[in-house]
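K.L.:
Sequence:
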Amino acid sequence: MNVVNISDDVRQLFINSEALKEKVKSLEARTGAEQKVKERAVKYIENVQGEILAFNEFLTTLFECDTDEDIEFLIDDLGEI
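Each residue of the sequence shown is one higher than the one before, counting from 144 in my numbering.
Since the hints were made in silico from the structure, they are not lab data.
Hints are supplied without guarantee of correctness; some may be wrong.
[Stated by the list, open to error] Result set (DSBU-like, lysine-lysine): computed pairs, CA atoms no more than 35 angstroms apart in a straight line:
hint, residue 1, residue 2
1, K179, K164
2, K186, K168
3, K166, K186
4, K179, K168
Let the sequences and hints guide you as you build the complete structure.
P.N.:
Structure, rendered in C-alpha coordinates:
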(Lines of atoms letter the chains of each structure in order from A and count residues from 1; the text may use other names and numbers.)
(Lines give C-alpha, C1' and ligand atoms only; values in the text may rest on other atoms or scores of the structure.)
Protein backbone atom coordinates (compact mmCIF):
# COMPACT_ATOMS: atom_id res chain seq x y z
CA MET A 1 0.00 0.00 0.00
CA ASN A 2 1.55 3.32 -1.04
CA VAL A 3 0.64 5.62 1.82
CA VAL A 4 3.13 8.30 0.77
CA ASN A 5 1.32 9.01 -2.52
CA ILE A 6 -2.02 9.16 -0.73
CA SER A 7 -0.56 11.48 1.89
CA ASP A 8 0.69 13.82 -0.85
CA ASP A 9 -2.81 13.87 -2.35
CA VAL A 10 -4.30 14.63 1.07
CA ARG A 11 -1.92 17.56 1.51
CA GLN A 12 -2.95 18.88 -1.88
CA LEU A 13 -6.60 18.59 -0.85
CA PHE A 14 -5.86 20.73 2.19
CA ILE A 15 -4.08 23.34 0.07
CA ASN A 16 -7.00 23.43 -2.35
CA SER A 17 -9.51 23.72 0.49
CA GLU A 18 -7.57 26.67 1.91
CA ALA A 19 -7.75 28.42 -1.47
CA LEU A 20 -11.48 27.71 -1.59
CA LYS A 21 -11.96 29.13 1.91
CA GLU A 22 -10.13 32.32 0.96
CA LYS A 23 -12.23 32.62 -2.20
CA VAL A 24 -15.45 32.29 -0.17
CA LYS A 25 -14.19 34.82 2.38
CA SER A 26 -13.52 37.29 -0.42
CA LEU A 27 -17.09 37.09 -1.75
CA GLU A 28 -19.11 40.24 -1.28
CA ALA A 29 -22.10 39.78 0.97
CA ARG A 30 -24.71 42.42 0.18
CA THR A 31 -27.25 41.36 2.77
CA GLY A 32 -27.24 39.88 6.23
CA ALA A 33 -28.51 36.61 4.83
CA GLU A 34 -25.70 36.46 2.31
CA GLN A 35 -23.20 37.14 5.10
CA LYS A 36 -24.65 34.25 7.11
CA VAL A 37 -24.38 31.95 4.09
CA LYS A 38 -20.78 33.03 3.59
CA GLU A 39 -19.93 32.41 7.27
CA ARG A 40 -21.62 28.98 7.17
CA ALA A 41 -19.72 28.04 4.02
CA VAL A 42 -16.43 28.98 5.69
CA LYS A 43 -17.35 26.85 8.72
CA TYR A 44 -18.13 23.87 6.48
CA ILE A 45 -14.78 24.25 4.74
CA GLU A 46 -12.99 24.52 8.10
CA ASN A 47 -14.73 21.32 9.24
CA VAL A 48 -13.59 19.58 6.08
CA GLN A 49 -10.06 20.85 6.69
CA GLY A 50 -10.15 19.39 10.20
CA GLU A 51 -11.14 16.02 8.77
CA ILE A 52 -8.41 16.24 6.13
CA LEU A 53 -5.82 16.92 8.86
CA ALA A 54 -7.14 14.02 10.95
CA PHE A 55 -6.92 11.73 7.92
CA ASN A 56 -3.38 12.89 7.22
CA GLU A 57 -2.42 12.16 10.83
CA PHE A 58 -3.93 8.69 10.44
CA LEU A 59 -1.88 8.12 7.29
CA THR A 60 1.30 9.31 9.01
CA THR A 61 0.70 6.89 11.88
CA LEU A 62 -0.15 4.13 9.42
CA PHE A 63 3.11 4.76 7.59
CA GLU A 64 4.97 4.07 10.85
CA CYS A 65 3.30 0.66 11.31
CA ASP A 66 5.68 -2.23 10.69
CA THR A 67 3.34 -5.20 10.95
CA ASP A 68 -0.27 -6.14 10.36
CA GLU A 69 -0.61 -6.33 14.14
CA ASP A 70 0.49 -2.68 14.40
CA ILE A 71 -2.14 -1.73 11.83
CA GLU A 72 -4.84 -3.69 13.64
CA PHE A 73 -3.88 -2.01 16.92
CA LEU A 74 -4.08 1.40 15.24
CA ILE A 75 -7.52 0.66 13.81
CA ASP A 76 -8.79 -0.72 17.12
CA ASP A 77 -7.36 2.27 18.98
CA LEU A 78 -9.14 4.72 16.71
CA GLY A 79 -12.54 3.12 17.12
CA GLU A 80 -15.45 4.07 14.92
CA ILE A 81 -15.41 7.16 12.74
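K.L.:
Of all the hints given earlier, name the ones this structure violates by number, lowest first.
P.N.:
none
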